[in-house]
Amino acid sequence: MAESMVEVRNVTKVYERGKQKIEVLHGLTFAIPKGDFVALMGPSGSGKTTVLNLIGGLDQPTSGQISVGGSRLDELRSGELAHWRAHHVGFVFQFYNLMPVLTAEGNVELPLLLTKLTAAQRRKNVAVALQVVGLSDRAKHKPRELSGGQEQRVAIARALVSDPQLLVCDEPTGDLDRSTADEILGLLQVLNREHGKTVVMVTHDPKAAGFASRTLHLEKGQLLEQAA
Amino acid sequence: MTRTGLVVANLFRKRTRTVLTLLSVIMAFVLFGLLQSVNSMFNAGADFVGATRLMVQARVSFTQPLPISLVPKIEAIPGVARVAYSMWFGGVWQENTPLFVFAIDPLRYRDAYPEYLMPDAQWQAFAHTRTGMIVGRMLADQYGWKLGEKIPISSNIYPQKSGSKAWAFDVVGIFDGKDEAWRKQTNIAFINADYFDEANQFGIKGRTNFFIVKLADSKQAQAISKTIDAMFENSPDETKTQTEKDFNLGFIKQIGDIGLIVHWILFAVFFTLLLVVGNTMAQSVRERIPELAVMKTLGFSDGSVLGFVLAESFALCLCGGLVGLVLATALGAMVEKGTGGQFVVQLDGGVWLIGIAAIVLMSLAVGLLPALRARRLRIVDALAGR
Numbered sequence: 001m002a003e004s005m006v007e008v009r010n011v012t013k014v015y016e017r018g019k020q021k022i023e024v025l026h027g028l029t030f031a032i033p034k035g036d037f038v039a040l041m042g043p044s045g046s047g048k049t050t051v052l053n054l055i056g057g058l059d060q061p062t063s064g065q066i067s068v069g070g071s072r073l074d075e076l077r078s079g080e081l082a083h084w085r086a087h088h089v090g091f092v093f094q095f096y097n098l099m100p101v102l103t104a105e106g107n108v109e110l111p112l113l114l115t116k117l118t119a120a121q122r123r124k125n126v127a128v129a130l131q132v133v134g135l136s137d138r139a140k141h142k143p144r145e146l147s148g149g150q151e152q153r154v155a156i157a158r159a160l161v162s163d164p165q166l167l168v169c170d171e172p173t174g175d176l177d178r179s180t181a182d183e184i185l186g187l188l189q190v191l192n193r194e195h196g197k198t199v200v201m202v203t204h205d206p207k208a209a210g211f212a213s214r215t216l217h218l219e220k221g222q223l224l225e226q227a228a
Numbered sequence: 001m002t003r004t005g006l007v008v009a010n011l012f013r014k015r016t017r018t019v020l021t022l023l024s025v026i027m028a029f030v031l032f033g034l035l036q037s038v039n040s041m042f043n044a045g046a047d048f049v050g051a052t053r054l055m056v057q058a059r060v061s062f063t064q065p066l067p068i069s070l071v072p073k074i075e076a077i078p079g080v081a082r083v084a085y086s087m088w089f090g091g092v093w094q095e096n097t098p099l100f101v102f103a104i105d106p107l108r109y110r111d112a113y114p115e116y117l118m119p120d121a122q123w124q125a126f127a128h129t130r131t132g133m134i135v136g137r138m139l140a141d142q143y144g145w146k147l148g149e150k151i152p153i154s155s156n157i158y159p160q161k162s163g164s165k166a167w168a169f170d171v172v173g174i175f176d177g178k179d180e181a182w183r184k185q186t187n188i189a190f191i192n193a194d195y196f197d198e199a200n201q202f203g204i205k206g207r208t209n210f211f212i213v214k215l216a217d218s219k220q221a222q223a224i225s226k227t228i229d230a231m232f233e234n235s236p237d238e239t240k241t242q243t244e245k246d247f248n249l250g251f252i253k254q255i256g257d258i259g260l261i262v263h264w265i266l267f268a269v270f271f272t273l274l275l276v277v278g279n280t281m282a283q284s285v286r287e288r289i290p291e292l293a294v295m296k297t298l299g300f301s302d303g304s305v306l307g308f309v310l311a312e313s314f315a316l317c318l319c320g321g322l323v324g325l326v327l328a329t330a331l332g333a334m335v336e337k338g339t340g341g342q343f344v345v346q347l348d349g350g351v352w353l354i355g356i357a358a359i360v361l362m363s364l365a366v367g368l369l370p371a372l373r374a375r376r377l378r379i380v381d382a383l384a385g386r
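Those protein sequences? They're chains A and B, same order as listed. Numbering of the first sequence is given in our numbering, commencing with residue 1 and proceeding in unit increments. Numbering of the second sequence is given in our numbering, commencing with residue 1 and proceeding in unit increments.
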């Protein structure tokens with residue numbers, strides 16, 4: 001059996017909105033093997049993004065265990081989680097979330113400021129990451145000078161540049177037209193197949209999910225298989 | 001790219017806003033520098049003099065002259081080395097340029113103020129020339145006065161017996177100061193008290209504004225001060241004797257309200273500045289909450305994000321503050337030069353230190369709340385726009 005990259009065991013997540021408590025995940029359990037490309041699908045409010053936030057170390061579960069790459073995220077404190085994120089996970093968002101004041105290469109270099117690499121080494125890594133996403137010629141351009149697809153490529157380069165084993169993507173094609181979306185999904189597929197990255201992608205789009213090697217369906221905070 | 005580069009890039013994301021904010025910081029620190037150095041100037045006047053001399057004036061006011069006949073009585077007090085006297089002339093050069101001109105007894109004044117340096121021959125010439133005048137080096141340089149020249153000077157107080165307020169004096173000496181501090185006090189001129197006494201139209205003959213009592217022993221200053229005032233108590237010419245420092249402080253008290261106004265102006269300026277810069281920083285953080293959340297997502301710790309915002313605030317205040325203080329220094333030098341040293345607006349080390357402390361405090365005051373907000377930001381909520 002393949003080694004797990006992500007192990008989620010009996011995880012619950014409760015949000016407090018004022019006096020109201022909303023349980024979003026109910027004892028969720030699943031595993032994602034290393035090198036897998038998983039699409040998370042489900043209706044709005046099913047808890048997809050919450051799952052993504054938890055396995056990306058952006059949030060903590062109310063109860064249960066989450067292991068990613070052998071690290072127990074549910075036991076890490078805020079500072080430790082930040083350090084873990086810097087070295088083990090890359091994020092791709094629906095709306096790219098690039099820094100408008102930085103050029104493409106500046107955006108890609110940002111996570112490397114948290115490493116001990118020299119400026120020359122950082123520049124080299126940035127160049128490689130931009131080459132992987134096919135944007136070497138747009139390195140000096142600011143986000144407003146790029147198309148949506150190009151911005152998302154920069155975001156993917158930023159997610160890749162510190163060479164994490166896990167990429168978490170929250171509707172990475174939600175803001176793109178079909179053909180650009182297919183390009184981005186193709187790129188994620190290449191990263192998964194040729195570079196061995198484990199990809200977890202939230203999507204509403206069945207066609208996007210088709211690029212993944214398998215799909216997990218969430219509904220009302222439980223995997224459909226489990227719910228069934 | 002470096003962390004510093006990121007701070008600078010974020011600082012100038014809204015260039016116009018940053019430049020305008022920077023300009024307001026610069027203006028505030030120019031004002032701060034100039035006004036603070038005005039305060040320092042007053043204090044410097046008080047610190048400048050030692051306690052080796054006492055100043056005796058009429059108890060009511062120095063504008064009420066005392067009889068020169070008191071000199072021997074004061075001089076007879078044990079511990080008094082020499083007594084000089086000085087009368088405000090109210091000099092005006094050409095159309096409307098006020099001058100510091102005093103009528104003095106030359107040789108007594110020389111003994112009381114050895115800090116003023118002038119060849120003995122010129123002192124003697126001054127003592128023996130009724131219309132003689134000695135001028136300080138700064139004044140002489142400013143107006144190009146030379147020995148032997150006759151200088152027409154008006155008095156805005158005292159007319160001559162003819163009724164004319166136009167006087168003329170012969171420059172018989174040019175004095176210097178013994179050191180830098182005293183050289184800055186050479187923007188004055190002295191005329192012969194005997195001549196002034198005879199020639200002025202007012203009935204104030206034999207009187208002077210104040211006596212300068214040079215002490216043989218500075219430790220006796222307080223005792224001698226009390227003795228002098230006790231000596232003339234209940235007489236028509238009651239006196240008020242102070243150290244030179246206190247005498248100058250007396251003048252400062254008259255402009256004490258100006259000092260208070262200066263402080264209030266600075267308070268208003270900095271309070272407004274806090275609002276302006278504070279608002280800029282708060283707005284800057286508010287409008288990039290998602291970006292800060294992304295930074296945290298990428299692995300920047302809460303402390304790092306707090307540091308970035310504080311660094312922006314510090315950079316803004318530091319740039320504006322330093323430029324403001326440098327401009328104030330330059331303006332102060334221009335004012336000093338423009339007034340021929342009569343108005344010494346100098347940003348000394350003390351003003352710079354207070355200025356730098358103000359920069360640091362202001363950076364914290366305007367940056368801390370936005371920085372804490374950025375630090376407390378929950379990634380999930382910020383990314384979701386909550």
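Keep in mind that the hints were calculated from the coordinates and are not lab data. We put the CB at the ideal spot given by N, CA and C, even for glycine. Incorrect hints may have been included.
Below, a sample of chain A positions facing chain B; criterion: calculated Cβ distance under 10 Å [what the hints assert, rightly or not]: (1) PHE30; (2) LYS34; (3) PRO43; (4) GLY45; (5) THR49; (6) ASP74; (7) ALA86; (8) PHE95; (9) LEU102; (10) LEU113; (11) LEU117; (12) GLN121; (13) ARG122; (14) VAL132.
Dumping the calculated DSBU-like pairs for lysine-lysine here, alpha-carbon to alpha-carbon at most 35 Å [stated by the list, open to error]: (15) LYS140(A) with LYS214(B); (16) LYS14(B) with LYS142(A); (17) LYS14(B) with LYS124(A).
- Item | Closest C-beta approach of PHE30(A) to chain B relative to 10 Å, hint status | 20 Å, violated
- Message: Under 10 Å is the threshold here; is the Cβ of GLN121(A) close enough to any Cβ of chain B for the hint to stand?
- Response: Because about 13 Å separates GLN121(A) from the closest Cβ in chain B, which is outside the 10 Å limit, the hint is violated.
- Query: Can ASP74(A) be said to touch chain B, with a Cβ gap under 10 Å?
  - Reply: At 15 Å from the nearest chain B Cβ, ASP74(A) fails the 10 Å test, so the hint is violated.
- Please verify that hint: PRO43(A), Cβ, nearest Cβ of chain B, below 10 Å or not. 17 Å, violated
- Query: Holds or violated: ARG122(A) as interface residue toward chain B, Cβ cutoff 10 Å?
  - Reply: 8 Å, holds
- Restraint check, 10 Å cut-off on beta carbons, for ALA86(A) near chain B: Given a least distance of 2 Å, the restraint on ALA86(A) holds.
- Query: Is the shortest C-beta separation between THR49(A) and chain B less than 10 Å?
  - Reply: 8 Å, holds
- Message: Can you confirm whether the C-alpha distance between LYS14(B) and LYS142(A) stays at or below 35 Å?
- Response: 15 Å, holds
- Task: Go through the hint on LYS34(A) and say holds or violated, using the shortest Cβ distance to chain B against 10 Å.
- Result: Check failed: Cβ of LYS34(A) comes no nearer than 21 Å to chain B, outside 10 Å.
- Query: Does the nearest C-beta of chain B fall within a distance shorter than 10 Å of the C-beta of PHE95(A)?
  - Reply: For PHE95(A), the interface hint holds, since the closest Cβ of chain B sits about 8 Å away, which is under 10 Å.
- Item | Agreement of LYS140(A) and LYS214(B) with the hint, judged by alpha carbon distance not exceeding 35 Å | 77 Å, violated
- Item | Restraint satisfaction for VAL132(A) [CB to CB of chain B, less than 10 Å] | 18 Å, violated
In the structure shown, a violation is registered for the earlier hints numbered 1, 2, 3, 4, 6, 11, 12, 14 and 15, in ascending order.
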